[in-house]
Amino acid sequence: MNSRRGNRVTVVDAGMLSLLQDGGRPGYAHLGVSRSGAADTAAMALANRMLGNVEDAAVIETTNGGLALRCEQPCLIAVTGAPVTVRVDGRRHWSHEVLAVRDGQEVALGMPAHGLRSYVAVRGGFDVPPVLGSRATDRLSGLGPAPLAPGDVLAVGTTDLPRPASDLVVPLPPPEPDDDVELPVRFGPRDDWFEPAARHVLLSERFEVTPDSDRVGVRMTGPALPRRIHDELTSEGVVEGALQAPPGGRLTLFGPDHPVTGGYPVIAVVRARALPIAAQVRPGQGVRFVQG
Amino acid sequence: MPPAPRPCGDTGLLLELGDNRRVHAHAAALRAADVDGVTDIVPALDTLLVVIDPARVSMGHVETLLRELDVGEAAGAAPRTIEIPVQYDGEDLAWVAEHCGLDERGVIAAHTGKPWRVGFCGFAPGFAYLVGGDPRLKVPRRAESRVVVPAGAVALAGQFSAVYPRRSPGGWQLLGHTDTPMWDTDAEQPSLLMPGDQVLFREVTR
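Protein chains in written order, with numbering that gives the first Met the number 0: chain Y, 0 to 291; chain W, 0 to 205.
Hint data in this document are derived by calculation from the structure and do not stem from the laboratory.
Accuracy of the hints is not assured; some may be wrong.
To be verified - Incomplete in silico selection of chain W near chain Y, CB under 7 Å: (1) Ala3; (2) Cys7; (3) Thr10; (4) Leu13; (5) Arg20; (6) Ala43; (7) Gly121; (8) Leu191; (9) Pro194; (10) Asp196; (11) Leu199; (12) Val203.
Stated by the list, open to error - Taking lysine to any residue pairs in the SDA-like style, the calculated list, with each CA pair at most 20 Å apart, reads: (13) W:Lys113 / W:Arg141; (14) W:Lys137 / Y:Gly132; (15) W:Lys137 / Y:Gly283; (16) W:Lys137 / W:Leu92; (17) W:Lys113 / W:Tyr87; (18) W:Lys113 / W:Gly157; (19) W:Lys113 / W:Met193; (20) W:Lys137 / W:Leu199; (21) W:Lys137 / Y:Leu232.
To be verified - Which residues of chain W face chain Y? A partial, calculated answer using Cβ under 8 Å: (22) Pro2; (23) Gly8; (24) Gly36; (25) Asp39; (26) Arg55; (27) Ser57; (28) Ala123; (29) Pro139; (30) Ala142; (31) Pro189.
Even glycine gets a Cβ: it sits at the ideal position worked out from N, Cα and C.
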């Protein structure tokens, strides 16, 4: 990663998976490039707002905690998303507060008890070179920075925006790990390719998230959704949140790095407001779909 | 008049146009209209997906706009033609020739003899699904996918031809390769091929 004059942050431990993310790169889907960007855009925006950054400044999206950073200069940091403990040189703090970190101090995230992805923002935003207008790492297309690794040095940008007066927010707790998550959907674009019973199955049965889920898609096991039209669908454009139903019954909820087109019919799409919730669902957790 | 678009949640409208040329005419007209809040216009073989940012524009507004879209001028515009030099030295050339009932020269003549059109892009950045080529060149994918297909490989599968923009796994039948870069992330226009472009393959022998 490039380093230049100004504040820098060094990655000490990247945890399971830590990626730079921002608002993503819309506008390139016709060339085979998805939006990418933060999976939980609400958590990204909140972390940035707490520090007076623009809402889509680059942040670190870390999956299941474990990330540790060293601030080479004094900086302000906020962690949002899946709630975690945040130790600053061993001293215990919590996510969802603004932390003033002194130079040389280490910031270490614990593991979330619930939720999946935490977001680490720094005042000024992480300033790596943008690719097609975005600093997001796209796991499908390979565009954007590589996943973070120990020793990476990240430049920190600057901002003239004022900081908000409050330095603490009360997060809405994500559901407990054992709870089923409720995701509102709208039927279509291809619900007519399924038997009417399939709509009922989707709205009444429990689907369980499997460990092979990633930013490309949340994959689930559950009852099959009976098809009415058995033709092969000609590949067509798909949106983030689309529920693609291959004949085998492995329902896939397309995430930010989804392929731009899909060849299986999409029975329904998760409402945009619920995508941040979908981004926090853990493997083994149940999902229930509701209409609305 | 195309059927009413199929809604895709809060952010998408899927237009069924039934024909790839109509897809590109609609895409061009919509691009020219430059609607604030329309973030992506995604052509596929016979559909067009319009993606919006619901914070900036309403679905109803875009639906009305699509109904009233004048595609006449865009439909009449001549497509760009991109020529791609190819060395026909691919590992599957002989197999393709046998499958299509041609000899290798016949496959090359068929592949270069008729212009292709970029039906849509997908699979990888800059991977263009080319349609409208010689109908004799219809081949199944390989029974077993290759772990590595080199960048620049020129290939066939189903009704499509394509050039692999970068090294990747792939199950298409390889006819040859080109040195022409298909994708440059740092370029203002990163993809050599854009949906709707016409593509002519030209044989070169080094």
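To see whether the hints hold, each was checked on the structure:
With 7 Å as the threshold, the beta carbon of W:Ala3 stays out of range of chain Y, its nearest partner Cβ sitting at about 11 Å, so the hint is violated. A least Cβ separation of about 5 Å between W:Cys7 and chain Y falls short of the 7 Å threshold, and the interface hint therefore holds. With 7 Å as the threshold, the beta carbon of W:Thr10 comes within range of chain Y, its nearest partner Cβ sitting at about 5 Å, so the hint holds. Interface hint at W:Leu13: satisfied, since its Cβ lies 5 Å from the closest Cβ of chain Y, which is below the 7 Å cut-off.
Nearest Cβ of chain Y to the Cβ of W:Arg20: about 15 Å, over the 7 Å cut. The hint is violated. Look at W:Ala43: its Cβ gets to within about 4 Å of chain Y, closer than 7 Å, so that hint holds up. This hint holds: W:Gly121 has a C-beta 4 Å from the nearest C-beta of chain Y, less than the 7 Å allowed. Because the beta carbon of W:Leu191 sits about 10 Å from the nearest beta carbon in chain Y, more than 7 Å, this interface hint is broken.
At a threshold of 7 Å, the smallest CB-CB gap from W:Pro194 to chain Y is about 5 Å, leaving the interface hint in force. Using the Cβ-Cβ criterion of 7 Å, the hint placing W:Asp196 at the interface with chain Y is not satisfied: the shortest such distance is roughly 12 Å. Proximity of W:Leu199 to chain Y is violated relative to the hint, the smallest CB-CB distance being about 20 Å (cut-off 7 Å). A cut of 7 Å between beta carbons decides the hint on W:Val203: the least distance to chain Y is about 26 Å, and the hint is violated.
At roughly 24 Å between alpha-carbon atoms, W:Lys113 and W:Arg141 are farther apart than 20 Å, so this suggested pair is violated. Taking the CA atoms of W:Lys137 and Y:Gly132, the gap is about 39 Å. The hint is violated against a cut of 20 Å. At roughly 44 Å between alpha-carbon atoms, W:Lys137 and Y:Gly283 are farther apart than 20 Å, so this suggested pair is violated. Using a Cα cut-off of 20 Å, the hinted pair W:Lys137 and W:Leu92 holds, with the two alpha carbons roughly 13 Å apart.
The suggested pairing of W:Lys113 with W:Tyr87 holds, with an alpha-carbon distance near 16 Å, which does not exceed 20 Å. Only pairs whose Cα atoms come within 20 Å are accepted, and W:Lys113 paired with W:Gly157 is accepted, the gap being roughly 17 Å. At most 20 Å may separate the alpha-carbon atoms for a hinted pair to count; W:Lys113 and W:Met193 meet this at roughly 18 Å. As the CA atoms of W:Lys137 and W:Leu199 are separated by approximately 18 Å, the hinted pair is consistent with the 20 Å bound.
Our distance criterion of 20 Å between C-alpha atoms is met by W:Lys137 and Y:Leu232, whose separation comes to about 19 Å. Taking 8 Å as the C-beta cut-off, the interface hint given for W:Pro2 is violated, the closest approach to chain Y being about 12 Å. Hint status for W:Gly8: holds, given a least beta-carbon distance of 3 Å to chain Y, under 8 Å. A least Cβ separation of about 11 Å between W:Gly36 and chain Y goes past the 8 Å threshold, and the interface hint is therefore violated.
For W:Asp39, the interface hint holds, the least distance from its beta-carbon to any beta-carbon of chain Y being 4 Å, beneath 8 Å. The closest approach between the C-beta of W:Arg55 and any C-beta of chain Y is roughly 11 Å, which is over the 8 Å cut-off, so the hint fails. The restraint placing W:Ser57 at the interface with chain Y is violated, with a minimum CB-CB distance near 13 Å, outside the 8 Å limit. Hint on W:Ala123 holds. Least Cβ distance to chain Y is approximately 6 Å, under the 8 Å limit.
Annotation: W:Pro139 was flagged as interfacial toward chain Y, and the flag is violated, the nearest CB pair being 14 Å apart, outside 8 Å. The restraint placing W:Ala142 at the interface with chain Y is violated, with a minimum CB-CB distance near 19 Å, outside the 8 Å limit. The beta carbon of W:Pro189 comes within 7 Å of a beta carbon in chain Y, closer than 8 Å, and the hint placing it at the interface holds.
In this structure, the hints that do not hold are numbers 1, 5, 8, 10, 11, 12, 13, 14, 15, 22, 24, 26, 27, 29, 30, in rising order.
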